[in-house]
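Starting from the known structure of chain S, fit chain Y onto it as the hints suggest.
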Amino acid sequence: MSAMIELRGVSRHFGPTPDIAARLTARAFAAIGKPARDTTVRAIDAVDLTIARGEVVGVVGESGCGKSTLGRIAAGILAPTAGTVLWQGRDIVMLSAGETRAARLRTQMIFQNPYASLNPRLRIETIVGEAPRVHGLIPPGGFSDYVDAQLRRAGLDPAYKRRYPHQFSGGQRQRIGIARALAVRPDILVCDEAVAALDVSIQAQIINLFMDLREELGLTYLFISHDLGIVEHIADRVVILYLGRVVEEAGCEEIFARANHPYTRALLAEVPRIAGGKKAFAGIKGEIPSPIDPPSGCHFHPRCPHALRRCAFEIPTLREIAPGHRSACHLNS
Amino acid sequence: MSDATIELRNLRTYFPIRGGVVRAVDDVSFSVKRGKVLGLVGESGSGKSVTGFSIVRLVDPPGQIAGGSILFQGHDLARLSEAEMRGLRGSRIAMIFQDPMMTLNPVLRIDTQMIETVLAHDRVSHAEARARCRDALGQVGIASPEERLRAYPHQFSGGMRQRVAIAISMLHRPDLIIADEPTTALDVTIQAQILFEVQKLVATFGTALIWITHDLSVVAGLADDIAVMYAGRIVEAGAVGDVLNNPAHPYTHGLLASVPGRNRRGTRLRQIPGMTPSLLDPEPGCAFRTRCFRADPMCSADPPVIQPAAGRTARCFFPIQDVVA
Numbered sequence: 000m001s002a003m004i005e006l007r008g009v010s011r012h013f014g015p016t017p018d019i020a021a022r023l024t025a026r027a028f029a030a031i032g033k034p035a036r037d038t039t040v041r042a043i044d045a046v047d048l049t050i051a052r053g054e055v056v057g058v059v060g061e062s063g064c065g066k067s068t069l070g071r072i073a074a075g076i077l078a079p080t081a082g083t084v085l086w087q088g089r090d091i092v093m094l095s096a097g098e099t100r101a102a103r104l105r106t107q108m109i110f111q112n113p114y115a116s117l118n119p120r121l122r123i124e125t126i127v128g129e130a131p132r133v134h135g136l137i138p139p140g141g142f143s144d145y146v147d148a149q150l151r152r153a154g155l156d157p158a159y160k161r162r163y164p165h166q167f168s169g170g171q172r173q174r175i176g177i178a179r180a181l182a183v184r185p186d187i188l189v190c191d192e193a194v195a196a197l198d199v200s201i202q203a204q205i206i207n208l209f210m211d212l213r214e215e216l217g218l219t220y221l222f223i224s225h226d227l228g229i230v231e232h233i234a235d236r237v238v239i240l241y242l243g244r245v246v247e248e249a250g251c252e253e254i255f256a257r258a259n260h261p262y263t264r265a266l267l268a269e270v271p272r273i274a275g276g277k278k279a280f281a282g283i284k285g286e287i288p289s290p291i292d293p294p295s296g297c298h299f300h301p302r303c304p305h306a307l308r309r310c311a312f313e314i315p316t317l318r319e320i321a322p323g324h325r326s327a328c329h330l331n332s
Numbered sequence: 000m001s002d003a004t005i006e007l008r009n010l011r012t013y014f015p016i017r018g019g020v021v022r023a024v025d026d027v028s029f030s031v032k033r034g035k036v037l038g039l040v041g042e043s044g045s046g047k048s049v050t051g052f053s054i055v056r057l058v059d060p061p062g063q064i065a066g067g068s069i070l071f072q073g074h075d076l077a078r079l080s081e082a083e084m085r086g087l088r089g090s091r092i093a094m095i096f097q098d099p100m101m102t103l104n105p106v107l108r109i110d111t112q113m114i115e116t117v118l119a120h121d122r123v124s125h126a127e128a129r130a131r132c133r134d135a136l137g138q139v140g141i142a143s144p145e146e147r148l149r150a151y152p153h154q155f156s157g158g159m160r161q162r163v164a165i166a167i168s169m170l171h172r173p174d175l176i177i178a179d180e181p182t183t184a185l186d187v188t189i190q191a192q193i194l195f196e197v198q199k200l201v202a203t204f205g206t207a208l209i210w211i212t213h214d215l216s217v218v219a220g221l222a223d224d225i226a227v228m229y230a231g232r233i234v235e236a237g238a239v240g241d242v243l244n245n246p247a248h249p250y251t252h253g254l255l256a257s258v259p260g261r262n263r264r265g266t267r268l269r270q271i272p273g274m275t276p277s278l279l280d281p282e283p284g285c286a287f288r289t290r291c292f293r294a295d296p297m298c299s300a301d302p303p304v305i306q307p308a309a310g311r312t313a314r315c316f317f318p319i320q321d322v323v324a
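As you go down the protein sequences, you meet chains S and Y in turn. Numbering follows numbering that gives the first Met the number 0, in which position 243 of the first sequence is assigned residue number 242; successive positions increment by one, without gaps. Numbering follows numbering that gives the first Met the number 0, in which position 161 of the second sequence is assigned residue number 160; successive positions increment by one, without gaps.
Extracted from the complex, chain Y is given alone in its bound form:
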């Protein structure tokens, strides 16, 4: 698939530590095309953020990409030199983080930080860079951008800061944006505003977007495709509507069943028993088998990746059958 903006093939990111190897990302493959949105869903510790950081090669040591390839417009990012990677980061590939207070420098004005980003990759005059920053702020719905450019991050609310972070990510019209839980810290009304701006920008500029979140309902409204991660692996992937309406993997099924809105009011939620396993030297086999209601002794072998329906994959011996019907 050469038309994919980003394609991961069997990516493995490992953290060798004193007690063994943490397999944070273990054999992950997916692709996102131009103008499409992939929702990468998982609980804390499932490896979804490390997957995002691996793409921009910002995994902190001792973490390292231990195998697989990251094809960005056909070029393998895992093989690029650090200098080549710097040329791509912030220009062709941008990232938005969860906490905008941590990603904006509190002692620099917004204009300083934004103009720096423009000049890092483009040889333009200062005035031209400033004009681009002003337009970018306007595009994400910040009123009177000319005055707001002179403000400091603490003068903005959380939602406004996230808009600034999105504006910075859009400065070079990147081909790929990786957004790591960007609306998790925001109120629902502000979240809806941010999702509105993001939807508009992706549609206008044809950017490929990877939206990392634990919130299935945000993915349902925003994404085209979904990939569900559990213990470092993608357990199920496919078009959002198909996967959420007919989950094939028992984990996806359990996750959906535990969302309050889908259960009858006042009844017990269908919880998944137990908790997520440690990723330190995991045993072979399906990582979910200890919590799974369909598990069988067979599950202590690595489950195969099957295709429960066209355009879908699941990593399970016993997928929920009614999917195929």
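Extracted from the complex, chain S is given alone in its bound form:
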């Protein structure tokens, strides 16, 4: 399998652009030998990720761990602060303007909130048909048929194409978002919490649609979710993020059967399951720390039940512990 998208040591930092006052303050602090207060958010910190053609990669993490930022970088709508993004083996900053546009078209995103991601003032046919028309994917005179085919594929009745988004339910809007993404014939879909806002019965419909489309069109997915149950169901490989770093990565069955990192193990223990009946909840101690001022060493050490002394000052590297199973924990050495 060839790599569709490969991220190498990708970081993304968010912070205020220093104005003249901030630069002067920083210089003054430097003059007296003190570091100035750093307010940069390290949303993603040196992440390596490979998505092979036809694969479904699940990214799991708590809110604020950088999973959406990772998705946006993979989709090419956010540039990394450091590191390289390879599109089918080629560095995207080296591509020509035309190739960049083609690469972006081949990666489409499905967003979490189907109420905010559709323009309320456009008809469905415009929402779905505008991009392929602009990019010249529709043969002359074939607009109507093209839009009908896209809507039908996403499980919507083409008779509704003259309607506006507010006339649809949440599940139908998510289907419109899917039809819009597929209309430009992408190879890879980045789904950022695409089913989180939907009811259970509708969630199942959309997940089934994703799986059908994968079979029908040979799509590749980067599936971002906080719901381990959904990721377990559809992903081939799972990446666990904690505060901007990958803590563990393995095949789906492997990670659910033999989780290695204490964070993954705790996360799996917390997932409520229907089977098993009444249980006593315990919970990982503490909260997810702020990414502005993350803990030193291993980010998880203040909450980790097995933390060693070195965990507080030494960053663990992501190392292979079994074939295809990588984990970043000092306990493995």
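It is possible that part of the hints are untrue.
One-sided and incomplete, this derived list gives chain Y residues near chain S with beta-carbon spacing under 10 Å [what the hints assert, rightly or not]: (1) Ile271; (2) Pro296; (3) Ala300.
Derived DEER-like restraints, expressed as beta-carbon distance ranges [claimed, not checked]: (4) Y/Pro61 with S/Gly8: 57 to 63 Å; (5) Y/Asn244 with S/Tyr114: 33 to 39 Å; (6) Y/Phe204 with S/Thr39: 42 to 48 Å; (7) Y/Glu115 with S/Asn118: 40 to 46 Å; (8) S/Ala96 with Y/His153: 41 to 47 Å; (9) Y/Met101 with S/Gly217: 40 to 46 Å.
Computed footprint of chain S on chain Y; a stretch qualifies when at least three of its residues, placed anywhere within it, have a C-beta under 8 Å from a C-beta of chain S [to be verified]: (10) 6-15; (11) 217-223.
The set of hints was computed from the structure by calculation and includes no laboratory data. Cβ coordinates follow ideal geometry from the N, Cα and C atoms, glycine included.
For chain Y alone, coordinates are given in the frame of chain S:
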């Protein structure tokens, strides 16, 4: 059943609007005893939140309680005056909401808001009220409560704010707490912490708890009894283990089958076709019949409430039979 803390009998909450009447809650009955947890489960628009709001009589107009009774320790809340209701709300009956950012006042410190709640119902000194607030924060697992009392809501994370909301609800040791999707907006690790605190508090003080959620797996771990709502009606109720292991109503069955964890990895999920119907002037008959795989022309009449097993009810003509066996 006089030992029930709360008992709903045929509650109906209707919203008369221009186009007709929305039957948000239609003939709902259940009861919760002291120290027990009822999981009220349903999808959006099923009427589960309106049921909760009806109990504390906080249904916004044009909504109104159109019939039935809400017996709280034997007294019908639907007949109380607004002043009597105010005396109960926040003291004997408390409510926890989904979004703690919306329920805490952003411009008041935590202590101001908590002390106000204490003084609203009890004639105690300010210092005594403050001490009670501090203890309540400690009970829900907030570290150094004395300092945290002086903080503003924005200085807390989502999970901490929900702990504060739970602490406020516990200030008067209420007999009944209604929690409306309190952990839906939280991460799993934080959700587990909150569920842990709630379990402890219910066990310690014998509070009756109604936990409103769409998440069946949370109910499986937390509740004693479950009531599944669909289109304003309870379609199935009983002990959590019985209902989740052997659902009798096709809707409960479909809901369980569509949860990813219960299906084999990579296989298609067994989805329920279609979507929830409008509650505006619904036709008579079973509201689920258009999506149901067992439906029959008979289902256009109102289905009876049957007892598929001891202590269980289902509203269906054709319950899934192997339940009885």
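Which earlier hints can't be squared with this structure? Per hint list: 2, 3 and 10 violated.
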